[in-house]
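Chains A and B, in that order, give the protein sequences. Heads up, the first sequence is in this note's numbering, so the first residue is 1 and it goes up one at a time. Heads up, the second sequence is in this note's numbering, so the first residue is 1001 and it goes up one at a time.
No false leads were mixed into what you were given.
Some, not all, of what chain B presents toward chain A, calculated at C-beta under 10 Å: (1) Ile1007; (2) Thr1045; (3) Ile1052; (4) Ala1064.
Listed below are the simulated DSS-like cross-link pairs for lysine-lysine, each with C-alpha atoms no more than 25 Å apart in a straight line: (5) B:Lys1133 with A:Lys96; (6) B:Lys1133 with B:Lys1096; (7) B:Lys1137 with B:Lys1096; (8) A:Lys96 with B:Lys1141; (9) B:Lys1098 with B:Lys1133; (10) B:Lys1137 with A:Lys96.
Worth flagging that the hints you see were computed from the coordinates, not collected in a lab. Each residue gets a CB set at the ideal place from its N, CA and C atoms; glycine is no exception.
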Amino acid sequence: MMMEWVYFGACVGILVTMTLAVARGLMGPTIFDRVLAVNMFGTKTVLFLAVVSYLSGRPDFLDLALAYALINFIGVLAVLLFFQSREVRRAAEAEKEAGK
Amino acid sequence: MDLALDIISAVLLAAGTFFVFAGGVGVMRMPDFYTRMHAASLTDTGGAALIIAGLLLQGGLTLAPVKLLAIFLFLFLTSPTASYALVNAALLSGLKPKARNETGLSLPEGDAVKPAPKLGERGTNKPDEDIRKAAAKTVAKRTPAKKPAAKKPAAKKKAAKKS
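Bound conformation, chain A alone (with noise of 0.2 Å):
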């Protein structure tokens, strides 16, 4: 019975964390604060559906969290990846656009 509590306790945490998480999202100033928000916000739904799996006795969740981790990984690095060139790729156009 202790730890059920637990669980539930650690479930909130994780769940407040993530809207702190959102709220960052939202307000970010810089384009990296929102990839920064996404990023975090993905771990802790890795580690919230971890903590649900036990406290709900179902396995399988750890399933579902494996592989939102593999997604997050792959999605925050390709997010990156496009937003890294994307100075340079406009530079590239201004400059066409004045060559024209």
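Got chain A; can you put chain B on it based on the hints?
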């Protein structure tokens, strides 16, 4: 024995939740991107490790601890990698760390308000222009069809303002 295991894993879970929550507060309240990144990346790895360790002790002899170990290994490898890639992308795109007198925190007595040092003036860092050139070179290498851009400083400044 069971009670001892329960207590150990409860302590681990509580510590992990505290770390995770501290990371969330840090991400909300820190003054600029790099300090936020510091709060988030450390607690991402540390909090995840503690919470998963706490759950591992409760698994017993089933497949669940194996899966938890897989999740832990994966997070342990990818979380620092993602943090590194994020900071690298921010630095290459020209986002500068704030100096202390720009952050809005209170200054100690006698700390004169001087203009923030630029990235190139700190000695160890490359000048900003060099970093941008290196970024342009890297992108040009990855996409060989497009011309390496950014020879005109005027066009570049416009693009920087847009983003």
